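**Student:** Chain by chain, the residues:
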Amino acid sequence: MEANVNNKTESRNDEIMDSVRERLSASKIVDVNEDTVQLVFFTLLGSHYALHGSDVKEILYPRKITPIPGTPSYLLGLINVRGDVESVLDFNLFLNLSKEPDSPNKRILIAEKNGLKTGIMVGSIVDVVDIPKSGIGATIATLNDSIKDFVVGETKYKENSAVILELSKIFQKMDAD
Amino acid sequence: MDMTVLEKKGLNLILFHVNDVLFGVELFQVSEICEPTGGHLPSEIKALGEEFFGNSGKIKNGGKVFAMKNNTGARQDYGILTNDPEDIIEISLDNIRPLPAIVGKLKRYKSLWGGFIYKGEVGLLLDLEKFCAEVGVNKVAA
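As you go down the protein sequences, you meet chains A and B in turn.
Per my numbering, the first sequence starts with residue 1, numbered consecutively.
Per my numbering, the second sequence starts with residue 1001, numbered consecutively.
Only chain A is shown next, with the shape it has when bound in the complex:
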């Protein structure tokens, strides 16, 4: 009888320990997650690009843009964002790519870094994903010269290669224009 009780207790304790191990194992997975970076994937002319999620504040549908005379052509103009006025860049023009065809998938990313903020018109938004830092590699050498200066790495999104752009480098270039 006593042996039977002991067996039951042992089995229960094993279950508890298994559960504890599972929890510990899960917390290890969380640790791995901490070493990730959030990326916002988007397309320009069908190719995949990404910006750091921490730099993207909002994603908007396209709306009426007020052009500003005497500014570079890549600066499309100003938009009304809930009563605030934000600028919008044409990323294709800025990166010396061909014009993005008209499409209902176009979106405006509101991006902010180091106190500078702007909207960025892109072909479409693909996804917002946490990527392990180990999944980010060096940039391939064949990248277009006009993009190279703004690239901080490359990663994969569902078998597609995606170029990661750094917003502060984009702002630096605009500052120099």
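Source of the hints: derived by calculation from the structure; they are not laboratory data.
What you are looking at is a predicted structure, and each value in this text was computed from that prediction instead of being measured.
Positions of the beta carbon are idealized from the N, C-alpha and C atoms, including for glycine.
Among the clues, some could well be false.
[What the hints assert, rightly or not] Not everything, but these chain B residues come out facing chain A in the computed CB check (under 10 Å):
#1 Phe1052
#2 Val1103
#3 Gly1115
#4 Leu1124
Assemble the complex: chain A is given as a structure, and chain B must be docked to it using the hints.
**Tutor:** Below, chain B alone, put in the same frame as chain A:
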């Protein structure tokens, strides 16, 4: 900004569109709005739309000439040609916005000094005196 504006908490603006862009000019800067074919025109007139937008900014149906005031309120001998004014409004400071920092760095015309929101549309605040100085119409102010 002068005290009057702060006290009134708003600006009196003349509104007009050029090339589908809404502009607002402070009422006090304009002494007279006249037909471009009249005999009582300023001797120097700058076509605002062509300066800002090239051929696509050409004025349709004649437009109007905004003659300028100087500091004493008297008309000066220069002005701009633009489309017909659409409205004169008092706009609250709550609807006036600074241009985004990026625009401030990139814009060529200092006369575009801010933005405003009117019926949901973003407009550009234009300082006429500064504009004329920038494009060489008002050489004294330049």
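**Student:** Under the constraints set out in the numbered hints, which ones does this structure not fulfil?
**Tutor:** none
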